[in-house]
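Chains as they are written, first to last, in the working numbering: chain D, 1 to 246; chain B, 1 to 249; chain P, 1 to 273.
One or more hints might be untrue.
[Unchecked claim] Taking beta-carbon pairs under 8 Å as the criterion, some of the chain D residues facing chain B (in silico):
1) 35
2) 166
3) 193
4) 195
5) 196
6) 197
7) 199
8) 234
9) 235
10) 239
11) 241
[What the hints assert, rightly or not] Facing chain D, according to a computed beta carbon distance under 10 Å, are these residues of chain P, among others:
12) 164
13) 165
14) 167
15) 168
16) 169
17) 171
18) 173
19) 174
[To be verified] If you anchor each label on the Cβ, the simulated ranges turn out as follows:
20) D:116 / B:133: 54 to 64 Å
21) D:228 / B:15: 56 to 66 Å
22) D:59 / B:21: 51 to 61 Å
23) D:234 / B:235: 33 to 43 Å
These are computed hints drawn from the structure, not numbers from a lab.
Just so it is clear, CB atoms sit at the ideal spot from N, CA and C, and this is done for glycine as well.
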Amino acid sequence: MIEARGITARHGDNVVVRDVSFDVADGESFGIVGESGSGKSTLLRVIAGLHRDWSGELSVAGKKQDRDRPHDFGRVVSMVFQDPYGSLHPRQTVGRALAEPLIVQGIRYDAARIDAALRDVGLDASHRARYPHQLSGGQRQRVAIARALMLEPRLLLLDEPTSALDASVQADILALLRRVRQARGMSFVLVSHSLAIVEALCERAAVMQQGSFVEEVSAGDLRRGNLHNSYARELFAASRGFRRAF
Amino acid sequence: MTDLLAVENLSVQFGERAVVRGVNFTMGRERVGVVGESGAGKSMLGRAIMGLLPPGASMSGRVAIGGVPFTPDMRGGKSALVLQDPRYSLNPAMRVGDQIAEVLRLHLALSAREARREAIARLESVRIRDPALVYERYPHQLSGGMGQRAMIAMMLAPNPALLIADEPTSALDASVAGGVLALLDDEVTRRGMGILLISHDLDLVANFCDRVLVMKDGEIVEALAARDLGAAQHPYTRQLLAARLRLDA
Amino acid sequence: MVAPSRRFPPLATLGAAIVVASALIAFAAPLLAPYAPYAQDLAHRLEPPGGAHWLGTDELGRDILSRLIYGARVTLGIVALVSVVTAPVGLLVGCVAGYFGGWVEAVLMRVTDIFLALPRLILALAFVAALGPGIENAVLAIAIVSWPPYARVARAESLTLRHAEFIDAARLAGASGGRIVLRHIMPLCLPSVIVRMSLDMAGVILIAAGLGFLGLGAQPPTPEWGAMIATGRQYMLDHWWVAAMPGIAIAVLSLAFNLLGDGLRDWLDPKQR
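If we strip away everything but chain D, and leave its shape as in the complex, we get (with noise of 0.2 Å):
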């Protein structure tokens, strides 16, 4: 799904991302975690076509791509943002939001189409009329989604999809998300803060600091801590929470 290699992003004089390679493939979730500041956001928004000062060589979907995308790039890939207050224009509605997609790529679409995308995610027709102002924060997570799979996208990005939200909601939409892949057999590459939440959604993982990929591991010595990197480790240390010493 994604072919990455030497991949470089800047920040006007700062390199953020520095030479990152990586594979994904099709249908698999893909981790990268960091700690703010490793540039794990940018090379998310690398792959979208959002940060445009990148060089390397990318290929998403089996295509070469540049800096600029091509118009249906949209049908390929989507992204849920961090921020579900400020994902969502504040004074569209969720079902203008919903068809905004459609109409950019100039497909036909009926309010069954925006329904039955609102079912998908958990909710139902009467959340059609409502402004984000009127939805709570796993709601409007909901609508994201909903959003970032109009297209029917076969590469989802999420970028610390869950981490405004309270652990019970949090619990909610990352078992959504896992319903969606398996029902879509879609791939994810999902960019967090956290071990855990990387390690409950995806197969494999980056650890990232300062730009480069420090280790890369299975899913599985995630969860048990097999990590070789002292960085990684310290994560994996730091996210086991506060131990109090006696």
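Using the hints, position chains B and P against chain D.
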């Protein structure tokens, strides 16, 4: 023995809407955690205890610190508040060290020179490696962890008996958060203070605190010892426990 | 969180009421005016307020109240035309500059700065002098000097929206730059521009009156408030009402627009939600 903090029938309202409803609890020089999800009213509880309500909010009920009804001049000296994000809770236009020195001068009646020396010593005591250098920095020049350490140094400067910490580490990376928590842990033990730790993170509260208060919709639905969390009775607490995402689960 | 119900501020309601009343009066001028605005009655020239002429008569014996009522048409007409022309232009320039950034922004905003650097009335005077006196040219001149503030406001709003995640989502779906500006960014900049517009209306009224006063706007015998003050000036000491009545009309309507704009700004301010 009088309680360090006694909260009696405390309610906070925004017009008709109650966000804290008749909360009662007391605590001594111990570690008490308040857990709940967003909208549970836990932050508003912490602010109400300090008498720091946002505009439009009104409160009723009684708060006493060391047996004496709370008055605004107890802030700092008797009780202090550490907030989530040091970038917003430190004055952006003032050197970090000067902010700490100002608090010291206010509460401990030190001269300018003594306050400066003491502020550097306090920065050192929160395990900042180069305190003289950090003294001269402005808040935006510090990392999140460093800023939170400076914030803690400032809040602990007047030697309060009670510290209220509202999500002190949720804006920080996990590896940095551990260090800040260990620091808080040490300070609380060494000074024998009471701490009210407000957090959404059940694991954190369970490990850090002796007692846990679980809040939902403005009320305390369950109060229990941290080690008994596994045996919690209230369905909401059980739901929170079940929703935890753990690597070693 | 549920947004608290917000009442429209009372002073702004007063402002809105005056503006609406003025519009109604202008619309129904032929029904309301006791005399024809151009009807001269030299036997009763410069009569003080009272009796048959509530606000007195001018140097040609024309009823000042009737001329004020018809003058509201001219003044509000200018205000309406100017805002119809300037707001969309300013909004478009600002949103395009703010969203696209780079050289597009640099060019558009430097042009805006050039207009902003010169005092509005002076610039309008220069344009009218070049185009020739008259209401149409006055409107054109005022419009040319009035759009830059809207562009500034719209650009500032667009800058904060440029990196919003919902804009990223639209780009990712394949929306073109034009579509994003028109459908996603402009609707969000509109409230600020409307507020700015209602605050600017007072300025537009004053510039229109100023041009009229200087003989570059509406031409006699059109009952334009500024031009009425200009003729009243000669009789100021003995017959104060000739200049004072249109002056009061200008002051009241400008104040009303200011109150309305102030209230709208508070009411639409997202921080108060």
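Hints, verified against the model:
1. Because the smallest distance between the Cβ of residue 35 of chain D and any Cβ of chain B comes to about 4 Å, under 8 Å, the interface hint for this residue holds.
2. Contact between residue 166 of chain D and chain B, as hinted, is supported at the beta carbon level, the nearest pair being about 4 Å apart and thus within 8 Å.
3. Of the supplied interface hints, the one on residue 193 of chain D holds, with its beta-carbon coming within about 7 Å of a beta-carbon of chain B, less than 8 Å.
4. Evaluation of the residue 195 of chain D hint against chain B yields a held restraint, the C-beta minimum of about 6 Å falling below 8 Å.
5. Annotation: interface hint on residue 196 of chain D holds; nearest CB of chain B at approximately 4 Å, less than 8 Å.
6. Taking 8 Å as the C-beta contact cut-off toward chain B, the hint placing residue 197 of chain D at the interface holds, the least distance being around 6 Å.
7. Restraint check, residue 199 of chain D versus chain B: the minimum CB separation of about 6 Å is within 8 Å; hint holds.
8. For residue 234 of chain D, the interface hint holds, the least distance from its beta-carbon to any beta-carbon of chain B being 6 Å, beneath 8 Å.
9. Residue-level restraint check for residue 235 of chain D holds (minimum Cβ-Cβ distance to chain B is 6 Å; threshold 8 Å).
10. With a cut of 8 Å, the hint placing residue 239 of chain D at the interface with chain B holds, because the nearest CB-to-CB distance is about 5 Å.
11. Because the beta carbon of residue 241 of chain D sits about 4 Å from the nearest beta carbon in chain B, less than 8 Å, this interface hint is met.
12. Below 10 Å, beta-carbon pairs count as interface contacts, and residue 164 of chain P has one with chain D at about 6 Å; its hint therefore holds.
13. Look at residue 165 of chain P: its Cβ gets to within about 4 Å of chain D, closer than 10 Å, so that hint holds up.
14. Hint status for residue 167 of chain P: holds, given a least beta-carbon distance of 8 Å to chain D, under 10 Å.
15. Contact between residue 168 of chain P and chain D, as hinted, is supported at the beta carbon level, the nearest pair being about 5 Å apart and thus within 10 Å.
16. Taking 10 Å as the C-beta cut-off, the interface hint given for residue 169 of chain P holds, the closest approach to chain D being about 6 Å.
17. Here the hint on residue 171 of chain P is kept, as its CB sits about 7 Å from the closest CB of chain D, short of 10 Å.
18. Nearest Cβ of chain D to the Cβ of residue 173 of chain P: about 4 Å, under the 10 Å cut. The hint holds.
19. Restraint check, residue 174 of chain P versus chain D: the minimum CB separation of about 4 Å is within 10 Å; hint holds.
20. Between residue 116 of chain D and residue 133 of chain B the C-beta distance comes to about 60 Å, which sits within the given range of 54 to 64 Å.
21. About 57 Å separates the C-beta atoms of residue 228 of chain D and residue 15 of chain B, a value consistent with the hinted range of 56 to 66 Å.
22. Look at residue 59 of chain D against residue 21 of chain B: about 57 Å separates their beta carbons, and that is inside 51 to 61 Å.
23. Range check, residue 234 of chain D to residue 235 of chain B: about 37 Å between beta-carbon atoms, so the 33 to 43 Å window is met.
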